[in-house]
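Chemist: Chains as they are written, first to last, in UniProt numbering: chain A, 1 to 221; chain B, 1 to 221.
These aren't lab readings, by the way, just hints derived from the structure by calculation. One should not assume that every hint holds.
[Unchecked claim] Pair ranges (Cβ atoms, derived): (1) B:L29 with A:T59: 36 to 44 Å; (2) B:R182 with A:P211: 47 to 55 Å; (3) B:G122 with A:E26: 33 to 41 Å; (4) B:P213 with A:D176: 35 to 43 Å; (5) B:R200 with A:V30: 41 to 49 Å; (6) B:G122 with A:V107: 18 to 26 Å; (7) A:D218 with B:Y123: 48 to 56 Å; (8) A:L203 with B:W35: 33 to 41 Å; (9) A:P75 with B:W145: 32 to 40 Å; (10) B:V30 with A:P208: 47 to 55 Å; (11) A:A206 with B:H103: 29 to 37 Å; (12) B:S126 with A:P208: 38 to 46 Å.
Since this is a predicted model, take the numbers as computed values, not measurements. Ideal Cβ placement from N, Cα and C applies to all residues, glycine included.
There are 2 protein chains.
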Amino acid sequence: MRRLHHLPLSPFSRKVRLVLAEKRIEVELVEEKPWERRMEFLLLNPASQVPVLQIDGLTLSDSGAICEYLDETVPEPKLLPNTPAERAEARRLANWFDDKFHHEVTVNLLYERVTKKLKKSGYPESARIREGVSNIKFHLDYLDWLTDQRRWLAGDTLTIADFAAAAHLSCLDYVDDVDWGRSDNVKDWYARIKSRPAFRAILADAVPGMPPPPHYADLDF
Amino acid sequence: MRRLHHLPLSPFSRKVRLVLAEKRIEVELVEEKPWERRMEFLLLNPASQVPVLQIDGLTLSDSGAICEYLDETVPEPKLLPNTPAERAEARRLANWFDDKFHHEVTVNLLYERVTKKLKKSGYPESARIREGVSNIKFHLDYLDWLTDQRRWLAGDTLTIADFAAAAHLSCLDYVDDVDWGRSDNVKDWYARIKSRPAFRAILADAVPGMPPPPHYADLDF
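Chain A extracted, bound-state conformation:
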């Protein structure tokens, strides 16, 4: 049985869900609140982070390592391009979102607004929210520059960079923190990735007590 331990509004879990769906790999989803540090979960991943994927008799953690594994073992469709130079660009951008965007935007907005509430660990800090709101503009402008030059973020083909970016943006869109009016290029790119079958399950996510804004699941947003 293939099983993904995840959290609905974890961008790293969403990235892996998108890659699994794009490759048509069916998995059982098991929700895990990593901050509870359950012993059974710590035995699966001592980092106590989602996602964790149980597949092929293995227990895999770290979303980057999981995506590389899936692309190596289920080659169709390929989510890393053909040449070393193009692969370096796809990995650079995936890591840009999972590292830089995550710490500058996702942590300040999503974790302040949602994770703190779920963890019951306090209230959002307004200074952090302000920082996140300011930082996301810079990142949307960088995305505008990329999508102005390229069909997909890393080049001509859809790669893990698109899924990493869309995973973060879809979580932030769930809490209505993305200004889609800022760039037509970015909106067009997101509309294209949002309309893929792989995105359906993510658009159906619902966190109890936190409904998404009406445009969240709308393909014509």
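Since chain A is already given, all that's left is putting chain B on it; use the hints.
Modeler: Here is chain B on its own, set in the frame of chain A:
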């Protein structure tokens, strides 16, 4: 001309320097203070982070993407193992150090003690230092567990996981923040990697006004 833009006490720069040296790829080292946000450097890497590698007519950034590129284009010696499962484990551990260890330990100790001084951006916060000193114990114990079971961190062969871990630990050792007495297994593993020719340049690093402790460059520490 191959050129690496780096900073001597950046663990991400050191990881790439170790991989370059292990593969015997000679590069010109150019020191870059990324916080100065020089326009010429921002054009090379809009994330304004070291390392940036200029090689094969390309400009590559993100240390993870760079290491994958180098392992794909210069296969000897291979720094990712042969099977997808083993590669997933090597990447998981490399990312463990570059993400979890970095934020829990390196940021609290090295950045408080060194980077703030270099940037002239204030004094070390004692609460952060205490947190880093506490967190590194947990990570050394995890390293002890790994090195008790395996010859190298991810298995039988030397991989990028060892270089990621050694890059962070060598920076922390430069400021004398590693208690090598905590685990004989970890000390033996570090002694093995420290004695490799690839490590020589790193042991010769000197930051003006911040001499390392005497044992830093000693192979018999």
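Chemist: None of the hints should be skipped; say for each whether it holds.
Modeler: Verification of the hints:
1. B:L29 with A:T59: 36 to 44 Å: Because 40 Å falls inside the window, the suggested range holds.
2. B:R182 with A:P211: 47 to 55 Å: holds (49 Å)
3. B:G122 with A:E26: 33 to 41 Å: 52 Å Cβ-Cβ, so the 33 to 41 Å window is violated.
4. B:P213 with A:D176: 35 to 43 Å: violated (51 Å)
5. B:R200 with A:V30: 41 to 49 Å: Given a distance of about 48 Å, which is inside 41 to 49 Å, the answer is holds.
6. B:G122 with A:V107: 18 to 26 Å: This hint holds: roughly 21 Å between Cβ atoms.
7. A:D218 with B:Y123: 48 to 56 Å: holds (50 Å)
8. A:L203 with B:W35: 33 to 41 Å: 40 Å Cβ-Cβ, so the 33 to 41 Å window holds.
9. A:P75 with B:W145: 32 to 40 Å: holds (34 Å)
10. B:V30 with A:P208: 47 to 55 Å: Holds: the Cβ-Cβ distance is about 53 Å, inside 47 to 55 Å.
11. A:A206 with B:H103: 29 to 37 Å: Given a distance of about 30 Å, which is inside 29 to 37 Å, the answer is holds.
12. B:S126 with A:P208: 38 to 46 Å: Since S126 (chain B) and P208 (chain A) have Cβ atoms about 41 Å apart, the given range 38 to 46 Å holds.
When the structure is compared with the earlier hints, violations turn up for hints 3 and 4 and for no others.
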